[in-house]
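In order, the protein sequences belong to chains A and B. Counting in the working numbering, the first sequence runs from 1 upward without gaps. Counting in the working numbering, the second sequence runs from 1001 upward without gaps.
Rather than coming from a laboratory, the hints here were simulated on the basis of the structure. Honestly, I wouldn't trust all of these hints.
List time: in silico PhoX-like cross-link candidates among lysine-lysine, alpha-carbon distance up to 20 Å [stated by the list, open to error]: (1) A:K131 - B:K1076; (2) B:K1342 - A:K74; (3) A:K131 - B:K1367; (4) B:K1332 - B:K1321; (5) A:K37 - A:K74; (6) B:K1342 - B:K1076; (7) B:K1253 - B:K1266; (8) B:K1222 - B:K1386; (9) A:K131 - B:K1071; (10) B:K1342 - A:K131.
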Amino acid sequence: MNHPAILEMVETLGETTLIADPAQVVDLCRYLREREKFVRLSTITAVDWYPAEPRFEVVYHLHSIENNRYLRLKCRLSGATPEIDSATGVWRSANWYERETYDMFGIVFRNHPNLVRILMPLDWEGFPLRKDYPVHGNKYGYGNE
Amino acid sequence: MTKELFEEHVATIPATQEPPASPSAPRRMTLNMGPQHPSTHGVLRIVLELEGEIIIKADPDIGFLHTGIEKECEQKFWQQVVTLTDRVDYLANLSNNLVYALAVEKLLQLEIPPRAQWMRVMLTELSRLNSHLVWLGTHALDIGAMTVFFYCFREREDILRIFEMFSGQRMMTSYIRIGGLALEPPRGWQQAVGKFIRAFPSKVDEYEELLNANPIWLRRTKGVGFISLEDMLDLGITGPMIRAAGVPMDLRKTQPYSSYDKFDFKVATHTDNDVWGRYRVRLTEMRESANIIRQALEGMPDGPWRADSPHVLLPDREKMKTQMEALIYHFKIVTEGFRVPKGEVYQCIESPRGEIGYYIVSDGTSKPYRVHMRTPSFGNLQGLPKMLEGILIADSIAALGSMDFVLGDTDR
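Modelling step: build the complete structure from the supplied sequences, incorporating the hints.
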């Protein structure tokens, strides 16, 4: 695997992780799909490392049926402007996973066809899986942890 | 939800306002199916745009069952999370237990004794049978074959009794824990499982007898719900759906976990890629699962049923009364849990619905830092619009049922 967007390649517990430049992620995804045969996108999610900076990690899990292997792709985003290009142009399955990541973490996927909340109600405020989001809501007055 | 937002959402599929060309021409209408529709098997809402009886556009709306399980996982000790994983996919709870346990064991680098591994295989295969039986029964009920439902739930009851015997619970078993099993396998489990598994293949024959040559069943399933293989791969569909399209993608074979490589079984595939093909794949899988359970029953290794790891697993009661270390470990595990080394892991297994994967991040404390669940129902449901568009609304029920999604699994 040789692509300018790959910053680092780590092997842990028998799993390969690529750390990539978020500015070129779509190009890298297309490369991985076409050249490395990662035809399936298993999932997209994020991890919030609040209060550290860069705060967010967007994590892609790719699957190659032909080579029978999984790959993890990570992009680090700052907490102030968590924005990254959408991978929907490469795998259509990215659509819902990116919506879910937006819904839960507030990470904006540029050029996404329909970036609205998917699991939470449409008028919900805040992003539940962020670490600074309270576990017990205080909106309805039952505790303020 | 405010009125504007509601209208904005509904407006994603606008009903055309132009008058039809002639009075007999089909008119477009927007139909709201669910979230309380009985054949959506849960709380799934689909906004359908129809032209006559043809579905032009389908827009699934999920999230009604979202309970924030991923957030909740971050508040619990590692071992306590097992009880939450049960609630994700309530028809295949042992698969969820297993994938979580495997992921954490990978981080802890725990060695699981063979007896526990085989027991896990046997129980997850029983839960696969359970899930497929519920699927077959309710799917046939949707299409109009009511008898199958009673037949399937008769066998499901036997499986739930076996689960109850093992764990004390019929559905939320939490029987597979980090490091092994929750309890020692009960006395007489061989007889209970053996009696069930000897009778089961003839029960599958009964279902096939009811359905295979049933003209209504054939007319309603053959050629319905087609979705091309390219679309399936692109949309992330897994499990029996993709195996019915001819791809032998089964993680039990390709990435064996929990000593699945020691079992002899075939991956069921079909090439029809329609509701009928998915029915054939699932029925073959039932036979293969029964085959695996029989192998597990006959070759069950002796030995301990959980790992030898005193800092993770609670000590035996007898040891606690005689050894000071055991008492200290017991106190520490109960009050502050155990720590898991820093790291991240993605573990995926084959659930009855497809690839279920847990991405777990540990920051070295006694609680998970992040647990992400890649659930098969969420992945498969994304292909729903592709499958429904262009077919008759009556066929949408058969197509929906063939996906076999669980909304708890979708929304988490």
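Comparing the hints with the structure gives:
1. Annotation: proposed proximity of K131 (chain A) to K1076 (chain B) holds, straight-line Cα distance about 15 Å (limit 20 Å).
2. At most 20 Å may separate the alpha-carbon atoms for a hinted pair to count; K1342 (chain B) and K74 (chain A) meet this at roughly 17 Å.
3. For the hint linking K131 (chain A) to K1367 (chain B), the alpha-carbon distance of about 14 Å falls within 20 Å, and the restraint holds.
4. For the given pair, K1332 (chain B) sits about 16 Å from K1321 (chain B) by alpha-carbon distance, which is consistent with the 20 Å threshold.
5. About 18 Å separates the Cα atoms of K37 (chain A) and K74 (chain A), which keeps this hinted pair within 20 Å; it holds.
6. For the hint pairing K1342 (chain B) with K1076 (chain B), the CA-to-CA distance comes to about 17 Å; that is within 20 Å, so the pair holds.
7. The suggested pairing of K1253 (chain B) with K1266 (chain B) holds, with an alpha-carbon distance near 9 Å, which does not exceed 20 Å.
8. Of the pairs offered as hints, the one joining K1222 (chain B) and K1386 (chain B) holds, with about 18 Å between alpha carbons and a cut-off of 20 Å not exceeded.
9. At roughly 9 Å between alpha-carbon atoms, K131 (chain A) and K1071 (chain B) fall within 20 Å of each other, so this suggested pair holds.
10. Our distance criterion of 20 Å between C-alpha atoms is met by K1342 (chain B) and K131 (chain A), whose separation comes to about 18 Å.
The structure agrees with every numbered hint stated previously.
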